[in-house]
Amino acid sequence: MNTTLRMPRRWERNGSRPSAEPGTLVFEDVSIGLGGREVVSKCSFALEPGLVTAMVGPSGCGKSTLAFLAAGYHRPSAGQVRLGEKPVRGPGPERLMVFQESALMPWMTVAENVMLGPRSRGAGGREARKVAEAMLRRVGLEGFGGAYPAQLSGGMQRRAELARALVNEPEAMILDEPFRGLDAMTRGLMQEYLAELCEESSAATLFITTDIDEAVLLADRLLIMTAAPTRVGQVIDVPLPRPRQRTAVLRDPRTHEIKQTALEALRVEAMRQFTDQQEQEIHR
Amino acid sequence: MSRGAVLRGALGILAFLALWELGARIDAPVVGVLPGPAEVASSFADLVGSGGYWSSWVASGERVLWGFAAAMAVGVPFGLLLAINQRAKALLFPPFEILRPIPPLAWVPLSILFWPTQNLSIEFVIFMGAFYTVVLNVVGGAEQIDRRHVLVARSLGAGTWTVYRRVILPATLPSIATGAVVGMGITWEVVVAAELISGGGGSGGDGGGLGFLLWNAYQGGAIAQVIVCMISLGVAGYASSVAVRVLSERLMPWKEAR
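So the protein sequences, as listed, match chains B and V. The first sequence begins at 1 in the numbering used here and counts up one residue at a time. The second sequence begins at 285 in the numbering used here and counts up one residue at a time.
This is chain B alone, in the form it adopts within the complex (with noise of 0.2 Å):
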């Protein structure tokens, strides 16, 4: 993966009309509101092949909504949202979400779950057991696939979890807040094996995340959002070099920059959030 690849960011302020590369998860002008208010305002970005784009912002800003737009669980009220040049119409297995926390079946062994996907398709259950065991080895859960997830720990369950989405060989990952929940220790283990699982997939990526160290370990880009209603405030490039190593990353000097740019950015929209908070109070 070529680490100097620069993204198209001018798009974002003078409007001009993103890419339509296949491959690409494109949101144009996307607004959605959701019970009576509105989350999303005009929100645009693209999602390249190959890319890990990092979004951060204020919390409860609307990020998730965002997530669901792009798994095809929400209807944007305007705008688009597409894959290449085809507009999302519903989930589908070309684009797949992690959600936060286990979404795993617990009644299904992890073997079970990851072939879900296959199956349902229409995949023969012989079939569908090697292309899992395969997938559960790539994610170092071999052997693992007859227990049920409530027999993992928490890392593992993450694993089992990357892995159904992974198995389908989506075109576009999102992954929301997909290591909330796991301590300290677990999740610094679970964000350097993303990276790597993250330079050997093609997908399209788009994590989410309200740390701003994970989003600068794993991102190509990040993504700063607005406060509700969303959208993309800023565009920050991470150009450190890959295979990212937790220990390089830290001793970079661009590292530091980049974060102190980040976390300005996101001081000011949640500065934002907050007064806006206040002038509702006092419109009521």
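In short, the hints are calculated from the structure, not lab data. Where is the CB? At the ideal position from N, CA and C, for every residue including glycine. Heads up, some of the hints might be wrong.
[Claimed, not checked] Far from chain V, by Cβ distances over 12 Å, these chain B residues were calculated:
no., residue
1, G84
2, M97
3, R267
[To be verified] The calculated label-pair distances, taken between Cβ atoms and stated as ranges, are:
no., chain 1, residue 1, chain 2, residue 2, range
4, B, A134, V, T446, 19 to 25 Å
5, B, M185, V, P387, 57 to 63 Å
6, V, A357, B, R75, 36 to 42 Å
7, B, G60, V, P387, 47 to 53 Å
8, B, G146, V, L376, 28 to 34 Å
9, V, R371, B, P87, 25 to 31 Å
10, V, I515, B, G143, 48 to 54 Å
11, B, D183, V, A523, 45 to 51 Å
12, B, G143, V, P537, 16 to 22 Å
13, V, P387, B, S31, 43 to 49 Å
14, V, V332, B, G146, 43 to 49 Å
15, B, A134, V, L291, 52 to 58 Å
16, B, M185, V, T446, 52 to 58 Å
17, V, P379, B, A134, 52 to 58 Å
[What the hints assert, rightly or not] Covered, in the sense of this in silico footprint (three residues per stretch, anywhere, with C-beta under 8 Å from a C-beta of chain V), are these stretches of chain B:
no., stretch
18, 98-106
19, 114-120
We have chain B; now place chain V onto it with these hints.
This is chain V only, laid out in the frame that chain B set:
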């Protein structure tokens, strides 16, 4: 269960029997009118030898089984429908809620009118006893399904049928099992009363069931036999509940795996 617990349980039963025997001998208030456990035991020995006692077990057991099976077969899909289809719920839940408080035994007259045989009538009353409990448990369970599981399945390409079979049904299974255990308990309460009212099974009392046998014994003044029937009903109800629980645990291996 540990050995100590079994021992204490046995001790409790023995103490209970001893108190009962004592009460019967010294003509204590209330229990004094009863025969003691020894007399009941000998009455039991007599009954065991007669074919009527065992055929009563079979008759009641069959009724419970059919009534219960029908309640599950109708109640589970009906409950799932109410939980998942908002329009169906808006339409069907109000009449369901109005019919629900009617005690199952109040259905006896209509049940006799509805069905051609007495057995069917009794089974229908049993069905009415278990049905509401099963439905309410299924609705409660299905409404608490983790929405993410359904979303994941749909993303992975699962169609409506697969979502029902592989996600909604297993997610609701624990609640279905609870409904089944509670519902099974109700069926035994209902079968006795239904048999009393419906009066025998037609074939000279043999097919009357345990409830009928109990009533018959009372009318003949054989109180020891009444008590034998009561204990038999207790054992039958307990055994069926255990059977349902064991069976449901078999269906949910992931519950044990922890």
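Results of checking the hints against the structure:
no.: 1; hint: G84; result: 18 Å, holds
no.: 2; hint: M97; result: 6 Å, violated
no.: 3; hint: R267; result: 32 Å, holds
no.: 4; hint: B:A134 with V:T446: 19 to 25 Å; result: 23 Å, holds
no.: 5; hint: B:M185 with V:P387: 57 to 63 Å; result: 59 Å, holds
no.: 6; hint: V:A357 with B:R75: 36 to 42 Å; result: 38 Å, holds
no.: 7; hint: B:G60 with V:P387: 47 to 53 Å; result: 50 Å, holds
no.: 8; hint: B:G146 with V:L376: 28 to 34 Å; result: 41 Å, violated
no.: 9; hint: V:R371 with B:P87: 25 to 31 Å; result: 29 Å, holds
no.: 10; hint: V:I515 with B:G143: 48 to 54 Å; result: 52 Å, holds
no.: 11; hint: B:D183 with V:A523: 45 to 51 Å; result: 47 Å, holds
no.: 12; hint: B:G143 with V:P537: 16 to 22 Å; result: 19 Å, holds
no.: 13; hint: V:P387 with B:S31: 43 to 49 Å; result: 56 Å, violated
no.: 14; hint: V:V332 with B:G146: 43 to 49 Å; result: 48 Å, holds
no.: 15; hint: B:A134 with V:L291: 52 to 58 Å; result: 54 Å, holds
no.: 16; hint: B:M185 with V:T446: 52 to 58 Å; result: 38 Å, violated
no.: 17; hint: V:P379 with B:A134: 52 to 58 Å; result: 54 Å, holds
no.: 18; hint: 98-106; result: holds (count 4)
no.: 19; hint: 114-120; result: holds (count 3)
In this structure, the earlier hints numbered 2, 8, 13, 16 are contradicted, and the remaining ones agree with it.
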